[in-house]
Amino acid sequence: MSETWKHIRYVLTENPVTLFAFGLFGLLLICALFGPWLAPHDPLFTDAARALKPPSAQHWFGTDALGRDIFSRVLVATRLDLGIAFSAVILTFGIGAIAGIAAGYFGGWTDRVVGRIADTIMAFPLFVLAMGIVAALGNTVGNIVIATAIINMPLYARVARAEANIRRNAGFVEAARLSGNSEGRILFMHILPNILPILMVQCSLTMGYAILNAAGLSFIGLGIAPPTPEWGILVAEGAQYIISGEWWVALFPGLALMLAVFCFNLLGDGLRDMVDPRRRT
Amino acid sequence: MTDQTPPKETPLLDVTALYKLFAVGKPAARFKRPVKEWLQAAGPSPKLHAVDNVNFTIARGETMGLVGESGCGKSTLVRLLTRLLDPTDGSIRLNGEEIGQMPAKGFGSSPYRPRVQMVFQDATDSLNPRYTAFDAIADPINRLKPMPSADLAKRVAELADLCGLPQALLSRFPHQLSGGQKARVGIARAIAVDPELLILDEPTAALDVSVQVVILQLLDDLKQRLGMSYLFVSHDLNVVRLLCDRVMVMYLGKIVEIGPADSVFRNPRHPYTQALLSAIPHFEPGAASARIRLGGEPRSPIDPSPNVCRFMGRCPKSIAQCETAMPHLRPMAPGHEASCHLAEPDADLVKVIA
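Protein chains in written order, with the numbering used here: chain D, 2 to 282; chain R, 169 to 522.
These are computed hints drawn from the structure, not numbers from a lab. One thing to keep in mind: the hints can contain errors.
As the list claims (entries may be wrong) - Calculated from the model, a selection of chain D residues having no Cβ within reach of chain R, i.e. all distances over 12 Å: (1) V18; (2) F173; (3) I196; (4) L260.
To be verified - Chain R stretches covered by chain D per the calculated footprint, using a threshold of three residues with CB under 8 Å from any CB of chain D: (5) 276-285; (6) 305-313.
As the list claims (entries may be wrong) - SDA-like cross-link-like pairs, simulated, lysine to any residue; straight-line CA separation at most 25 Å: (7) R:K273 - D:G172; (8) R:K313 - R:G264; (9) D:K7 - R:L337; (10) D:K54 - D:M259.
Values in this document were obtained by computation on a predicted structure and should not be read as measured data. Yeah, the Cβ is synthetic: ideal placement off N, Cα and C, and Gly gets one too.
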């Protein structure tokens with residue numbers, strides 16, 4: 002196992018961008034895990050006397066129209082936003098990747114059914130589809146996760162299908178058959194490990210997309226209900242004050258959102274290097 | 169060379185009347201035709217005869233060579249014998265027990281699976297990039313002959329020694345191994361479950377010439393030690409002559425000549441074998457280059473006429489009879505058969521038959 006750690010350290014030191022992305026990821030994780038304890042103020046405490054104050058030593062990101070501390074709200078919102086994105090990505094990964102690998106490996110009917118479902122989902126503008134799903138199922142965190150998972154499913158299914166299809170006739174698959182592996186074992190023990198690095202990149206990219214999607218739903222009022230702190234809602238609340246000059250209300254939650262998406266997009270390459278043994282030297 | 173007395177006991181592998189036909193013609197193309205025509209054409213779709221009435225046996229401890237050009241059905245035959253593919257018709261008997269009728273899908277869990285194993289042509293492609301050498305060799309043992317992990321480690325180390333693979337390399341991934349080392353891993357994996365029949369599909373084709381010799385010596389050595397039978401598929405006729413007890417020559421799905429390697433190489437009877445052997449490069453200065461060059465195109469393997477010799481059109485010797493009757497394998501010398509109308513059996517053999 003020490004070899005694995007050595008390799009991870011090697012990947013991190015070799016590429017400063019990856020190191021930066023992982024540092025940012027660590028920061029986001031700390032915020033998500035310990036946000037409520039780290040926040041200097043109660044994110045829900047209102048004080049009309051301090052409404053719409055610009056950033057200061059006491060309120061780093063300023064205060065909103067109800068006098069709530071924006072820094073605390075942005076910090077506390079991390080857990081909810083990352084939580085939604087993580088659950089959605091795990092759900093999509095589970096369903097999309099397995100369906101895609103099966104479609105690529107078995108071909109025939111499996112391929113056609115999975116392919117048509119993916120095509121159907123992709124035929125809709127994805128954000129509108131997510132809006133429809135949440136509107137139909139109801140405004141809960143669980144439904145936002147489901148909607149985000151569904152619209153990301155075709156991306157995984159297609160990548161996994163293409164990669165499994167290339168490998169279905171590879172020599173090592175035939176060798177695995179000669180070694181007495183069942184078809185299911187070949188799929189999960191021989192083909193899946195080879196596709197994992199590519200899916201890892203996909204995971205990281207869709208993480209960013211899932212965060213944007215959850216925030217977007219909340220922004221238009223279809224997601225998390227106020228006053229719960231959530232980046233999308235925070236940006237929505239701040240949007241109306243930009244014209245009147247209170248820029249900080251929308252800017253800081255937007256910046257948090259941007260940094261999170263940026264971080265996950267950068268993370269992809271590093272993750273691939275870590276799980277791909279061919280990168281080991 | 170060993171004596172030519174035919175083996176009395178049941179041969180290890182006995183293949184009789186083996187066929188593999190593939191349906192060709194795209195169904196999509198059929199839909200484009202008018203419905204009426206489509207209904208009329210709904211009969212049997214054209215068939216590609218990949219393996220067409222193949223019969224042969226391999227005795228215990230024997231090395232059989234299989235040669236033939238690309239597309240002649242060698243690979244299909246190998247996939248039928250390893251039971252990765254279901255034959256259309258015919259029987260494959262291992263030690264007298266029928267294994268050809270078992271569906272390929274369930275063969276992996278049958279008790280016969282460990283008995284037929286294979287070394288692949290391209291060692292790089294045949295090793296899973298995510299499996300270390302140890303995992304690759306241990307995989308068939310875990311699936312087919314499971315044992316406790318302490319015994320497994322010992323067994324894998326023993327196999328590595330047997331194949332000349334340094335034990336220090338067992339923890340490496342395929343991309344960290346050289347071509348020769350990968351070939352050794354492939355061989356170790358194939359012999360891990362003590363097969364009786366080992367199929368070698370051009371095991372040295374992807375290797376450096378210097379490494380080829382070493383791997384061939386290793387294979388010969390393993391055969392002596394473990395008492396396996398080999399089916400050696402190769403393009404390298406010199407290697408076949410050196411390693412094989414018997415040779416069969418395949419052309420468009422049919423075996424056109426089969427016999428003791430010495431006899432076939434010394435006196436080839438089929439014009440195709442003659443052309444093949446004349447293509448072996450010779451380096452002796454002044455040696456007459458009597459290379460037979462084949463003109464024309466090979467006949468189509470799709471629904472071939474049963475009354476025309478498959479070699480017709482490329483054969484430099486063809487006569488009128490070749491277009492009206494399919495030649496069958498006839499005895500030419502002891503244990504040596506060829507399928508050509510023009511081939512002359514040895515004089516003493518004629519006396520024996522008469």
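Here is what the structure says about each hint:
no.	hint	verdict
1	V18	holds (25 Å)
2	F173	violated (4 Å)
3	I196	violated (10 Å)
4	L260	holds (34 Å)
5	276-285	holds (count 5)
6	305-313	holds (count 4)
7	R:K273 - D:G172	holds (17 Å)
8	R:K313 - R:G264	holds (23 Å)
9	D:K7 - R:L337	holds (19 Å)
10	D:K54 - D:M259	holds (23 Å)
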